[in-house]
Amino acid sequence: MKDVEPISVKMPEGLEEIVPGYLDSRKEEVPTLLRLLAASDFERIRIAAHNLKGTGSAYGFEKLTEIGDGMERSAREANAGTLREQLNTLEEYLERVELEPGG
Amino acid sequence: MTPVNTVTSSSTSVAVLRLIWLVPRQIPADEHLRRDAMQSAVLSETAQIPRAVVPRTILVIDDDEDYRLLVRTLLVRAGYRVLEASNGLAGLRLVAKARVDLLITDMIMPEHEGVETILIVRHMHPRLKVVAISGVTGCREYLDMADRLGANATLEKGVVPKLLVGTVRSLIESC
Numbered sequence: 001m002k003d004v005e006p007i008s009v010k011m012p013e014g015l016e017e018i019v020p021g022y023l024d025s026r027k028e029e030v031p032t033l034l035r036l037l038a039a040s041d042f043e044r045i046r047i048a049a050h051n052l053k054g055t056g057s058a059y060g061f062e063k064l065t066e067i068g069d070g071m072e073r074s075a076r077e078a079n080a081g082t083l084r085e086q087l088n089t090l091e092e093y094l095e096r097v098e099l100e101p102g103g
Numbered sequence: 104m105t106p107v108n109t110v111t112s113s114s115t116s117v118a119v120l121r122l123i124w125l126v127p128r129q130i131p132a133d134e135h136l137r138r139d140a141m142q143s144a145v146l147s148e149t150a151q152i153p154r155a156v157v158p159r160t161i162l163v164i165d166d167d168e169d170y171r172l173l174v175r176t177l178l179v180r181a182g183y184r185v186l187e188a189s190n191g192l193a194g195l196r197l198v199a200k201a202r203v204d205l206l207i208t209d210m211i212m213p214e215h216e217g218v219e220t221i222l223i224v225r226h227m228h229p230r231l232k233v234v235a236i237s238g239v240t241g242c243r244e245y246l247d248m249a250d251r252l253g254a255n256a257t258l259e260k261g262v263v264p265k266l267l268v269g270t271v272r273s274l275i276e277s278c
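First to last, the sequence lines map onto chains W and R. Sequential numbering of the first sequence, starting at 1, is according to this note's numbering. Sequential numbering of the second sequence, starting at 104, is according to this note's numbering.
The set of hints was computed from the structure by calculation and includes no laboratory data. You may find that some hints are simply not true.
[To be verified] Covered, in the sense of this in silico footprint (three residues per stretch, anywhere, with C-beta under 8 Å from a C-beta of chain R), are these stretches of chain W:
id, region
1, 15-24
2, 44-56
[What the hints assert, rightly or not] Cut-off 30 Å, straight-line C-alpha distance, at most; resulting in silico cross-link-like pairs (DSS-like, lysine-lysine):
id, chain 1, residue 1, chain 2, residue 2
3, R, LYS265, W, LYS63
4, R, LYS265, W, LYS27
5, W, LYS10, R, LYS265
6, W, LYS63, W, LYS27
7, W, LYS27, W, LYS10
8, W, LYS10, W, LYS63
All C-beta atoms, glycine included, are put in the ideal place defined by N, C-alpha and C.
My request is simple: use the sequences and hints to build the entire structure.
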């Protein structure tokens, strides 16, 4: 397993109790999104991406909002190749995130 | 029905026009008042608390559970009671049967989007404070429409928690 450089993210003040759970949920969601992509279920991917876009920065993860925005566009276009790349980016980002208190 | 003039022409405005006329049929319903057991529990709890100490109640309507959790966490911490609904229709049922001081609604949802929800709330509860929220990119047009339909404030979902709580507090104190 290769070493990855961590990405520090400060949790927004007042949300410290729920941010770790949100992050875990996103990690658990990746395999589901990959299965949806394999099944070409672009509509459910679009909904999940839209929610990722909406909640990412609110929970302190600007990058998740950026990825969610791109995935939502790709899902609308049924662009499986780009979606696969975006899911790889998402998975890699989630793997590298380390949480810090007090943003 | 002149208020509709503020809505730009789109499929949404057609839906809105249709809903104006459907309002009396869609939100009547005493049967809605009997349904939600959880809400009944909330109401019972409220009834047992002396009026002076009952916190102000915020209803959060959003189909994204993670965003509802975020808003609930912030607002409960700020001292408010929070009710939740996962779509506009369920939210409107709650408004019909519970005391709600302020409504926060997402703009893009299944089963009554925010535009429809705001329009109906403005029609049936004109004094209820409304905050419209939406995702961060490509959604400004929805928030502009919410503004034109009479939302008291519009916010993008990515705003810092302090701004969300501050907006709610400011509107609640002006009630």
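Hint check results:
Residue count for the region 15-24 of chain W with a Cβ under 8 Å from a Cβ of chain R: 4. That meets the three needed, and the coverage hint holds. Counting residues of the region 44-56 of chain W whose C-beta sits closer than 8 Å to any C-beta of chain R gives 6, which meets the bar of three, so the coverage hint holds. The hinted pair formed by LYS265(R) and LYS63(W) meets the criterion: a straight-line CA distance of about 21 Å does not exceed 30 Å. Between LYS265(R) and LYS27(W), the direct Cα distance comes to roughly 27 Å. Compliance with the 30 Å bound is thereby established for this hinted pair.
Restraint check for LYS10(W) and LYS265(R): the C-alpha separation of about 15 Å stays at or below 30 Å, so the hint holds. For the hint linking LYS63(W) to LYS27(W), the alpha-carbon distance of about 14 Å falls within 30 Å, and the restraint holds. Our distance criterion of 30 Å between C-alpha atoms is met by LYS27(W) and LYS10(W), whose separation comes to about 18 Å. Between LYS10(W) and LYS63(W), the direct Cα distance comes to roughly 13 Å. Compliance with the 30 Å bound is thereby established for this hinted pair.
No hint from the list above goes unmet by this structure.
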